[in-house]
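Using the sequences and the hints given, assemble the complete structure.
For reference, the chains in residue letters:
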Amino acid sequence: MTDWINVIFQGVLVGGLYAMFAAGLSLIFGVMRLVNIAHGDLIVLAAYLALVTTATLGIGPLVSLLVVVPLMAAIGYALQRLLLNRTLGDDLLPPLLVTFGLSVIIQNALLTVFTADSLKLQAGAIEQATYRLFDGVYVGLLPLLQFVVAVAVIGALQFVFYRTALGRAFRATADNQAVAQLMGLDNRHVFALAMALSLAVVAIAGVFLAIRANFDPSIGPARLIFGFEAVIIGGLGSLWGTLVGGLVLGVAQAIGAHLDPGWQLLAGHIAFLLILAVRPEGLFPRIRT
Amino acid sequence: MVLSVVALAALAAAPLWGGRDDLQLLSQIYAYIALASLWNLLAGYAGLVSVGQQAYVGLGAYILFAFVILAGMSPLWAIPLAGIIAAFAAVSVAGLVFRLRGHYFAIGTWIIAEVFRLLASQVSVLGGGSGISLPAALVVAIAPSRQWRDFLEYWIALALVVAVLALIVLLLRSRYGLALKAIRDSELAAACSGVDVMRAKVLVYVVTAFATATVGAFIFLQRLRISPDAAFSVNDWTAFVIFITVIGGIGRIEGPIVGTVVFFALRQTLADLGTIYLLMLGAVAIVIMLAAPKGIWGLIVERFGWQVFPLERSVVVKGAPAAKAPGEP
Chain A
0 MTDWINVIFQ GVLVGGLYAM FAAGLSLIFG VMRLVNIAHG DLIVLAAYLA
50 LVTTATLGIG PLVSLLVVVP LMAAIGYALQ RLLLNRTLGD DLLPPLLVTF
100 GLSVIIQNAL LTVFTADSLK LQAGAIEQAT YRLFDGVYVG LLPLLQFVVA
150 VAVIGALQFV FYRTALGRAF RATADNQAVA QLMGLDNRHV FALAMALSLA
200 VVAIAGVFLA IRANFDPSIG PARLIFGFEA VIIGGLGSLW GTLVGGLVLG
250 VAQAIGAHLD PGWQLLAGHI AFLLILAVRP EGLFPRIRT
Chain B
0 MVLSVVALAA LAAAPLWGGR DDLQLLSQIY AYIALASLWN LLAGYAGLVS
50 VGQQAYVGLG AYILFAFVIL AGMSPLWAIP LAGIIAAFAA VSVAGLVFRL
100 RGHYFAIGTW IIAEVFRLLA SQVSVLGGGS GISLPAALVV AIAPSRQWRD
150 FLEYWIALAL VVAVLALIVL LLRSRYGLAL KAIRDSELAA ACSGVDVMRA
200 KVLVYVVTAF ATATVGAFIF LQRLRISPDA AFSVNDWTAF VIFITVIGGI
250 GRIEGPIVGT VVFFALRQTL ADLGTIYLLM LGAVAIVIML AAPKGIWGLI
300 VERFGWQVFP LERSVVVKGA PAAKAPGEP
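Here the protein sequences come in this chain order: A and B. Residue 230 in numbering that gives the first Met the number 0 sits at position 231 of the first sequence, with consecutive numbering throughout. Residue 250 in numbering that gives the first Met the number 0 sits at position 251 of the second sequence, with consecutive numbering throughout.
Source of the hints: derived by calculation from the structure; they are not laboratory data. Among these hints, one or two may not hold up.
Going by beta-carbon spacing under 10 angstroms, a handful of chain B positions derived as facing chain A [unchecked claim]:
id, residue
1, Y103
2, L117
3, Q121
4, G127
5, I131
6, P134
7, M288
Don't be surprised by glycine CBs; every beta carbon is placed ideally from N, CA and C.
This is the structure we're talking about:
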């Protein structure tokens with residue numbers, strides 16, 4: 000019994016990370032109806048940036064967030080302003096193909112610079128610290144921290160979206176671009192800010208990914224898929240739903256892995272397909288498309 | 000017309016003028032033309048942008064290996080069978096992925112391909128995660144000598160690409176072709192004009208899956224070895240295919256053909272660059288998408304008005320002089 004409690008508990012903690020993958024994806028889809036296929040590769044890019052930062056500045060991975068988050072946000076702003084804004088319109092092909100191309104470019108650029116070797120960030124003593132909840136159920140400090148950060152990130156996004164002027168601009172542009180522009184908003188700037196915010200979240204997710212597990216340039220697409228599954232399971236447009244979606248996915252994978260190591264990913268996909276079959280609008284839908 | 004027949008005859012006679020390497024290269028080119036044309040049918044004509052067609056390449060290949068290895072069937076019979084079974088699989092997959100729209104449909108198809116890949120690596124009789132080779136005895140049995148086997152495989156590749164192109168042209172010239180273009184341009188308007196949108200989309204999805212799996216089965220018959228990562232590779236069977244179509248010209252039959260020729264020309268000259276080559280390919284596709292979204296063939300059509308396949312429709316008003324279709328003399 001404690002065995003299963005442990006499995007589910009670890010699944011929930013990993014689910015926080017998936018929710019962070021999903022939050023950035025959900026945010027830009029909500030604002031500009033763009034699905035960024037390079038999202039997973041940008042997470043991996045953030046992991047490599049953290050690696051370079053920790054190595055050159057001699058700081059810990061968590062401190063490196065102070066550099067990586069603003070850097071990724073700047074990359075996001077530039078990417079949207081210079082490239083992705085040109086793809087937006089009624090036709091859904093250009094944004095898809097351009098972000099797909101971007102994904103291949105990032106993967107191969109990382110491969111050229113860092114080779115295909117598997118790497119991991121060392122966070123020091125914090126990695127080993129564990130607490131005993133009760134007999135047989137333990138929780139690591141790092142997974143717990145990662146989960147708390149995920150909840151905080153979702154909460155912060157929720158706050159920005161519904162309680163600030165920036166969030167009002169996001170919602171207005173999402174509702175009607177033409178009217179938002181008439182009200183004096185510069186859509187190109189608003190979209191670029193949304194992408195900057197999305198990649199700031201990506202940066203946090205990337206750094207935690209890099210501390211938690213091995214990474215190499217090819218793992219991006221799988222992270223995109225996890226994030227996407229969390230968004231659909233949770234229901235489009237709902238940030239807290241996305242958190243729940245991440246948790247469902249994390250728990251499903253943990254249960255699958257416990258039954259048979261080869262079933263970890265498959266169990267997550269099956270959970271997603273089941274929800275799609277039974278409740279295609281997701282668990283907590285806010286918007287309908 | 001005469002020109003195409005002459006070209007086709009010259010290609011069919013390739014065993015007379017080409018060496019073994021030439022035949023293999025041409026077979027690969029045919030396979031990519033077929034895959035890219037099928038993706039173009041989905042995305043460029045039906046508006047169904049899939050990044051998961053590797054699901055059907057891999058499925059077709061695995062079905063062929065299963066029939067040959069487990070049932071001792073001749074690979075030649077297993078190729079069409081792979082297509083038919085994959086079409087049935089596509090019907091059930093459509094029930095799920097068609098619940099997602101637009102961009103989400105794209106990623107949904109990718110997840111299906113991932114599920115197929117993970118399932119394939121669980122099948123231990125077909126080599127599990129590390130893959131398996133075709134038994135030599137059964138492959139040798141398809142032709143009296145090695146040379147004739149090369150010829151036979153080459154002709155199968157040529158027949159496949161011709162059949163795929165013919166299938167697409169016939170489909171597009173039928174009522175469904177008009178319906179598909181209407182759906183791509185506006186689903187709502189198409190539905191209002193009496194098009195059964197869902198039916199048309201599922202039909203084209205299933206037909207594409209059938210043909211993609213047939214081509215996939217052939218590709219891996221020629222490779223003689225399969226593994227889940229190779230059979231369900233998103234780079235080989237989707238990224239390249241998308242880049243080929245975009246570079247050549249999406250939404251036109253000629254586009255994927257031109258794109259494949261350019262792709263292979265680049266590959267033959269730049270393949271030594273390895274990852275840099277892929278990086279450049281991605282960049283070229285992005286630039287073309289933004290600067291010339293109709294691709295190379297689109298530019299040619301605008302400049303010269305050429306058209307190899309008669310697919311453009313023009314409105315003919317009764318009693319008025321018929322409008323000239325572009326490309327007609």
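query = Going by Cβ atoms only, is M288(B) closer than 10 angstroms to chain A?
reply = holds, 5 angstroms
query = Does G127(B) meet its interface restraint, that is, does its C-beta lie within less than 10 angstroms of any C-beta in chain A?
reply = holds, 9 angstroms
message = Min Cβ distance, I131(B) to chain A: is it shorter than 10 angstroms?
response = violated, 17 angstroms
request  = Using 10 angstroms as the Cβ threshold, decide whether P134(B) counts as touching chain A.
outcome  = At about 26 angstroms, which exceeds the 10 angstroms cut-off, the nearest Cβ of chain A leaves the hint on P134(B) violated.
message = Let's test the interface hint: is any C-beta of chain A closer than 10 angstroms to that of L117(B)?
response = holds, 5 angstroms
ask   = Hey, does the Y103(B) contact hint survive, CB to chain A under 10 angstroms?
value = OK, holds: Y103(B) within 10 angstroms of chain A, min 7 angstroms.
request  = Hold the hint about Q121(B) up to the distance rule: shortest CB distance to chain A must be less than 10 angstroms.
outcome  = holds, 6 angstroms
The structure shown violates the earlier hints numbered 5 and 6.
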